[in-house]
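A.B. asks: Protein chains in written order, with my numbering: chain G, 291 to 587; chain F, 32 to 344.
A portion of the hints provided could be inaccurate.
[Unchecked claim] Below, in silico cross-link-like pairs of lysine-lysine (DSS-like), each with a Cα-Cα straight-line distance of 25 Å or less:
id	chain 1	residue 1	chain 2	residue 2
1	F	Lys40	G	Lys407
2	G	Lys574	F	Lys193
3	G	Lys483	F	Lys193
4	F	Lys292	F	Lys193
5	G	Lys407	G	Lys483
[Unchecked claim] Sample of chain G residues facing chain F (criterion: CB under 7 Å; computed from the structure):
id	residue
6	Leu343
7	Gln351
8	Trp362
9	Ile433
10	Val454
11	Pro455
Please keep in mind that the hints were generated in silico from the structure rather than gathered at the bench. From the three backbone atoms N, C-alpha and C, an ideal C-beta is built for every residue, glycine too.
Now for the letters of each chain:
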Amino acid sequence: MTQVLERRPVRATPVSPAARTARRRALLEWIGVHSLGVAATLFFVLPFVFVFLTSLMSDAQALSRDLLPHPWEWGNYAKVFHTPGFLTWWRNTLLYAGLGTVLTVLSSLPVAYALAKFRFRGRNLSLMLVISMMMLPPQVIIIPMYLFWAKQLGLSGTLWPLIVPMAFGDAFSVFLLRQFLMTIPDEYVDAAKVDGCGDLRTLLRVVVPMARPGIAAVALFQFFYAWNDYFGPQIYASENPGAWTLSYGLESFKGAHHTDWNLTMTATVLVMAPVILVFFFAQKAFVEGVTLTGVKG
Amino acid sequence: MAAVTLAAKRRRAALRTAAFLSPWLIGFAVFFAYPLLSTVYFSFMRYDGFVPPTWSGGKNWTYVFAHYPLFWPALRNTLWLVVVMVSLRVVFGLGIGLLITRIKTGAGVFRTLFYLPYLAPPVAATMAFAFLLNPGTGPVDSILEGLGLPAPGWFNDPDWSKPALTLLALWGIGDLMVIFMAALLDVPTEQYEAAELDGASALQRFRWVTLPNIAPIVMFAVVTGVIQTMQYYTQPLIAGKVASGVIQGAGTQFQPGYPDKSTLTLPQLVYNLGFQTFDYGSACVVALVLFVLSMAFTALLMRRRGGLIQAGD
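Isolated chain G, as found in the complex (with noise of 0.2 Å):
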């Protein structure tokens, strides 16, 4: 509505009343959006500072009314880096999040170029399994999963059964690369088997080069889940601290360290840090992610 308004073309002389009112009116909206702008920012922005500010302080003054850390305790940042297992949970996150992601990709891609390209009985079907996969709570099929990994394949205390299925298609990246997909015209398809590609050439000289966006935004889903992931490694790592994640171990820091909220938030912000400083370098390819599929809890 307003951008209707804005985007009439403003004349600058002679100046009419009724221009001079559209323009006030333009202004007033301008001061009323930013500081509504201004407003959001703070209660998004805000929590951040607050945590950040935390983690400088001593632990007294974190349970005290001040909001700026006096002396600042930067060695709260190597207090949490000389904790006990912090950098065993650094190590084995990125196993997970690194091995993991390029399991994922490799296995969806062929998948979702099926669901995408090939035409065969089932695939609506195939598709609508994929979107049910995609929806299922994680703890509908613990139990069964649960036994046959621990009780059957004796990989309790790992993070195995949390990589080893990213092999097997991850639903919600079939899903996502599917729809990427589906944006690629079927012609450039078509020209590659003219000139005698075979399927598997088609799809890693003509079909990956124009969809590296996609992957990248499905690359990216999957590093920030398995960094975010709390109940697999709940399950299947708790018993073994060798096998923890940070965000798995980061809940235990507060018992580790008498509840000091200090230590607990610098903490935190090294489990936040990397994965805001990853979407600032891939902010582009993150956005068209979410907007392609709208999903991912």
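Assemble the complex: chain G is given as a structure, and chain F must be docked to it using the hints.
C.D. replies: Relative to chain G, chain F alone:
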């Protein structure tokens, strides 16, 4: 002769399709179909993981529905979250979407800042809010008291724990903001111009132009919001644990849903029954309730006519 080559060609095409789908076909069988059937099987079994499972008929089902003291509170909480949290998230997400499409100066910076909280890992975000909303000493209560306002007990008060979780969910509105932003920018400008020529006020334009155009996206946000609420696990669990002061490894048993069952959700019951009381059979009953509820809303999402995700291109 021609028929043979055609059949061979078809067979090759089918083989090719199967080859490309194979990772998912295996995944579907091993990580979806088998465990789902197995969950149904265990729901009729008495099984603690040590003594071999024995048939128990409908006992697990009657236990969960009639005697398990946490089931109905968890379902009530889920209903509360669906009604309050989901609708507030949709309204707030739409509001922030509207705001961001109107911001002319520094739009990119605002958008990034509004989006960031969505990325905060759930455990970290919940810990942060547990600190911010810590009764008495947390910054939020300090500010409220400074302003002479009542300072709630948030995660430590059964009446305030779900509103506190809602606040956390509103903070991470980034996903809905992006979806609504895209939808709002897709509304044809001519319709606004026509409405304006007809003398429609800003509110009328929103009601008669904006809303009808973005209605499918609003529906999408509501339905996926409900599905996400069914899966709501990490935030209420961590909030309850941190607020109660019971942390893993501390030795004491965590009272599920602290304070006073107010943060219990169905997925937490599966964990509680399966991995704390080792009643796998009853855990599978709750899992199936969760399954039926999630799939009912997923079906709503995929309905052929007027479905929100079009299965057939």
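A.B. asks: All the hints need checking, so say for each whether the structure fits it.
C.D. replies: Going down the list of hints, with the structure as the test:
Of the supplied pair hints, the one linking Lys40/F and Lys407/G holds, its CA atoms being roughly 17 Å apart against a limit of 25 Å. As the CA atoms of Lys574/G and Lys193/F are separated by approximately 34 Å, the hinted pair breaks the 25 Å bound. Taken as a hint, the Lys483/G and Lys193/F pair is broken in the structure, with Cα atoms around 57 Å apart against an allowance of 25 Å. Of the pairs offered as hints, the one joining Lys292/F and Lys193/F holds, with about 11 Å between alpha carbons and a cut-off of 25 Å not exceeded.
For the given pair, Lys407/G sits about 13 Å from Lys483/G by alpha-carbon distance, which is consistent with the 25 Å threshold. With 7 Å as the threshold, the beta carbon of Leu343/G stays out of range of chain F, its nearest partner Cβ sitting at about 9 Å, so the hint is violated. Hint status for Gln351/G: violated, given a least beta-carbon distance of 11 Å to chain F, over 7 Å. Hint status for Trp362/G: violated, given a least beta-carbon distance of 18 Å to chain F, over 7 Å.
The beta carbon of Ile433/G is positioned within 7 Å of a beta carbon in chain F (closest approach about 5 Å), and the interface hint is therefore held. Given the 7 Å rule on beta carbons, the hint for Val454/G is violated: about 10 Å separates it from the nearest Cβ of chain F. Here the hint on Pro455/G is kept, as its CB sits about 5 Å from the closest CB of chain F, short of 7 Å.
Comparing the model with each numbered hint stated earlier shows that hints 2, 3, 6, 7, 8, 10 do not hold.
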